[in-house]
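Novice: Sequence:
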Amino acid sequence: MITSKLNTADQVWVRRMNRAIILGVFRTQKTLSRARLATETGLNPSTVSSIISELINENLIRETDLIQSSTGRPGRLLEINPGGGCAMGIEINVDYIEVLVSDFSANVLWRQRQPSKPETGQNLIMEQVLALVKQGADYILSQDSRLLGIGVGVPGMVDVAGGLLKLAPNLHWENVPIRKILATHFDCPIYVENEANAAALGEYYFGAVQNVKDFIYLSAGVGLGSGIVMDGKLFRGMFGFAGEAGHMTLDINGDMCGCGKRGCWETFVGPRAVEQRVRRSLAKGANSVLHDMSKGDLENINVDDVIQAAKEGDQIAKDAIREVAYYLGVGIANLVNLFNVEVIVLGGALNNASPLFIKDVERIVLENTLAPGREHLRIIPSAHGSDACIMGAITLVLDDILSEPALM
Numbered sequence: 001m002i003t004s005k006l007n008t009a010d011q012v013w014v015r016r017m018n019r020a021i022i023l024g025v026f027r028t029q030k031t032l033s034r035a036r037l038a039t040e041t042g043l044n045p046s047t048v049s050s051i052i053s054e055l056i057n058e059n060l061i062r063e064t065d066l067i068q069s070s071t072g073r074p075g076r077l078l079e080i081n082p083g084g085g086c087a088m089g090i091e092i093n094v095d096y097i098e099v100l101v102s103d104f105s106a107n108v109l110w111r112q113r114q115p116s117k118p119e120t121g122q123n124l125i126m127e128q129v130l131a132l133v134k135q136g137a138d139y140i141l142s143q144d145s146r147l148l149g150i151g152v153g154v155p156g157m158v159d160v161a162g163g164l165l166k167l168a169p170n171l172h173w174e175n176v177p178i179r180k181i182l183a184t185h186f187d188c189p190i191y192v193e194n195e196a197n198a199a200a201l202g203e204y205y206f207g208a209v210q211n212v213k214d215f216i217y218l219s220a221g222v223g224l225g226s227g228i229v230m231d232g233k234l235f236r237g238m239f240g241f242a243g244e245a246g247h248m249t250l251d252i253n254g255d256m257c258g259c260g261k262r263g264c265w266e267t268f269v270g271p272r273a274v275e276q277r278v279r280r281s282l283a284k285g286a287n288s289v290l291h292d293m294s295k296g297d298l299e300n301i302n303v304d305d306v307i308q309a310a311k312e313g314d315q316i317a318k319d320a321i322r323e324v325a326y327y328l329g330v331g332i333a334n335l336v337n338l339f340n341v342e343v344i345v346l347g348g349a350l351n352n353a354s355p356l357f358i359k360d361v362e363r364i365v366l367e368n369t370l371a372p373g374r375e376h377l378r379i380i381p382s383a384h385g386s387d388a389c390i391m392g393a394i395t396l397v398l399d400d401i402l403s404e405p406a407l408m
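Read left to right, the sequence shown gives residues 1 to 408 (our numbering).
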């Protein structure tokens, strides 16, 4: 608890911090009494009661069932009020755009997805985004609720402070002012984040690693993204662009990557790499059920087809998955040796295919990491699967509301 003689501005700041401290406790503990909140936060019971009254009036917290206190009169349990407002998440992917609306407890209320292609161009795609966001905002109004904020997850290098997408090789976008574009139409806080970073936050607060402070989230879409969380916070690096593990070089003479370099990790383990391996084998006349799936055009084959064929026992598909497992394991071993994390979370296409290769990946990681750093390592699938990014975008909004003022 912070106590001293403070001027008015300082008092306002301290109260905001105390509010955030109280709200933050509800991230890990779903229901608490006022007395328990005072114990957990170290705040004066009268301060807790005053702030809780304020939060109840704002519909952010609500009272639940009665509990019997060991001493004194019974008190009511408190919890986050799902009806406190709505968060909106946007995912801009290479193949699609999606908008999702959740309540204040991250329960999904509404969602819409539309296909898209990079060649459509950023202006038309952003028009699609704005149209979907308008639909989401109309839904929120129809529920007599309020929009708390908008979070955006996008593949590429993001200037988080400026809400600017600096570079997205797979989208072919550069210096796109996403926050500014949205802010001209919607008056609310807007957050723009790299898709893997957003997904990592979503897993941390509402997913597979809620009690883990050090982990790396890996996601394979068109490329390979990673979000690195150290001591419970995103690791951003000096200029905010850390985590581009997909562009870690494995072979300087390897295949050309979408970023313009050769031999990037994502050229070995991304969906495109899997599809290209299979197409090369089929072009040589290899026998496979994937011939039928392609309907006469090998370009029709996608990673989902390969995963399905591998599950059915197709040897060509199994060989392609096995090769991915090898290079995925090598790359993960490098990350484990560098960051000494407790957990690696596999998302995107990696999540979908993980039952096919997880044992191979674990073996390769163990063979290529230093013994002390691998003793407690776990490699697990994402809790949110293909929704990891958009749930992460929702988390950007909710996390800011539940964060200390100094971190906003």
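It is possible that some hints are incorrect.
Stated by the list, open to error - What follows is a set of in silico ranges between Cβ atoms, one per label pair, in the way DEER data are often shown:
1. D251 with Q135: 28 to 36 Å
2. K117 with C259: 16 to 24 Å
3. C259 with S33: 18 to 26 Å
4. P45 with N340: 21 to 29 Å
5. K117 with M238: 30 to 38 Å
6. S53 with K233: 25 to 33 Å
As the list claims (entries may be wrong) - SDA-like cross-link-like pairs, simulated, lysine to any residue; straight-line CA separation at most 25 Å:
7. K134 with G162
8. K261 with K233
9. K359 with D400
10. K180 with K261
11. K213 with Q114
12. K261 with K318
13. K134 with Q122
14. K318 with R236
15. K213 with L370
16. K359 with E342
17. K117 with R146
18. K233 with A161
19. K213 with D187
Keep in mind the hints are simulated off the structure, nothing from the lab.
Even for Gly, the Cβ is constructed at its ideal location relative to N, Cα and C.
Novice: Take the hints in turn and mark each one as holding or not.
Specialist: The hints, checked one at a time:
Between D251 and Q135 the C-beta distance comes to about 45 Å, which lies outside the given range of 28 to 36 Å. Taking the beta carbon of each, K117 and C259 are about 19 Å apart, inside 16 to 24 Å as hinted. A C-beta distance of roughly 53 Å is found between C259 and S33, which places it outside the suggested range of 18 to 26 Å. Separated by about 41 Å at the C-beta atoms, P45 and N340 break the suggested range of 21 to 29 Å.
Separated by about 34 Å at the C-beta atoms, K117 and M238 satisfy the suggested range of 30 to 38 Å. The given range of 25 to 33 Å is respected by S53 and K233, whose C-beta atoms sit roughly 31 Å from each other. Taken as a hint, the K134 and G162 pair is honoured in the structure, with Cα atoms around 23 Å apart against an allowance of 25 Å. For the given pair, K261 sits about 30 Å from K233 by alpha-carbon distance, which is inconsistent with the 25 Å threshold.
Note on K359 and D400: the hinted pairing is violated, with a Cα-Cα distance of about 38 Å set against a maximum of 25 Å. For a cut-off of 25 Å, the pair hint linking K180 to K261 is broken: about 31 Å separates their Cα positions. The hinted pair formed by K213 and Q114 fails the criterion: a straight-line CA distance of about 35 Å is larger than 25 Å. Annotation: proposed proximity of K261 to K318 is violated, straight-line Cα distance about 28 Å (limit 25 Å).
Note on K134 and Q122: the hinted pairing holds, with a Cα-Cα distance of about 18 Å set against a maximum of 25 Å. Of the pairs offered as hints, the one joining K318 and R236 is violated, with about 36 Å between alpha carbons and a cut-off of 25 Å exceeded. Of the pairs offered as hints, the one joining K213 and L370 holds, with about 21 Å between alpha carbons and a cut-off of 25 Å not exceeded. Taking the CA atoms of K359 and E342, the gap is about 18 Å. The hint holds against a cut of 25 Å.
Between K117 and R146 the CA atoms are separated by roughly 32 Å; this puts the pair beyond 25 Å, and the hint is violated. For a cut-off of 25 Å, the pair hint linking K233 to A161 stands: about 16 Å separates their Cα positions. Between K213 and D187 the alpha-carbon distance is near 34 Å, which puts this suggested pair outside the 25 Å criterion.
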